[in-house]
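J.: Quick note, the sequences are listed as chains A and B, same order. FYI, in UniProt numbering the residues of the first sequence are 1 to 90. FYI, in UniProt numbering the residues of the second sequence are 1 to 90.
Check each hint, because a few of them may be wrong.
[What the hints assert, rightly or not] Far from chain B by the CB rule (all over 10 Å, computed), these chain A residues:
| id | residue |
| --- | --- |
| 1 | Ile-8 |
| 2 | Ser-42 |
| 3 | Ile-58 |
| 4 | Ile-69 |
| 5 | Leu-75 |
| 6 | Arg-89 |
[To be verified] Facing chain A, from chain B, some residues (calculated, C-beta under 7 Å):
| id | residue |
| --- | --- |
| 7 | Ser-19 |
| 8 | Ser-35 |
| 9 | Trp-51 |
None of these hints come from the bench; they were simulated from the model. Backbone N, C-alpha and C fix where the C-beta goes; we use that ideal spot for every residue, glycine too.
Number of protein chains: 2
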Amino acid sequence: MLITTEVIGYIAATLTTLSFLPQALLTLKTRNTESLSLSMYSLFTTGVLLWLIYGVSISDKAIIFANSITFLLALSILSFKIYNTLRDRQ
Amino acid sequence: MLITTEVIGYIAATLTTLSFLPQALLTLKTRNTESLSLSMYSLFTTGVLLWLIYGVSISDKAIIFANSITFLLALSILSFKIYNTLRDRQ
């Protein structure tokens, strides 16, 4: 594998992992989750948790590290969405 | 690697890939992108594009397939967000 290919992989992983930070911050700031899909965050958070379990199973530190961060960010966004959804139903 | 670990990996990949489908459908239906983070979708779409380039570089069909789908879904959500952001500025 060329170094450039490896670097592209690392940048890709960093971007897709860190991208959830501005969304989590926006959601925390505005508490608005109207246009966020509950299905998306349910599926995504579950998927990232499974990636984390997969990473632990094969002892891959990069997978564990990236998915731990993404899991916490996705879970915080999902929590706000569930809270707002339940509140709006009342 | 145990078969169960591999299965967990496949389920994880399927969930994180397909999770963007309900978000894309919701955004297409409501055209509402108020609580979506422009930074998130800019970083995420760029990251997924780099994953796609990485997949092509190492000729990994699974990475190419999953990221092609995610790229199209994320790009459609990002396009709506950019359109709404530009419209609201006018």
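J.: Could you tell me which of the numbered hints above are not met by this structure, giving the numbers in increasing order?
T.: Hints 1, 2, 3 not satisfied by this model.
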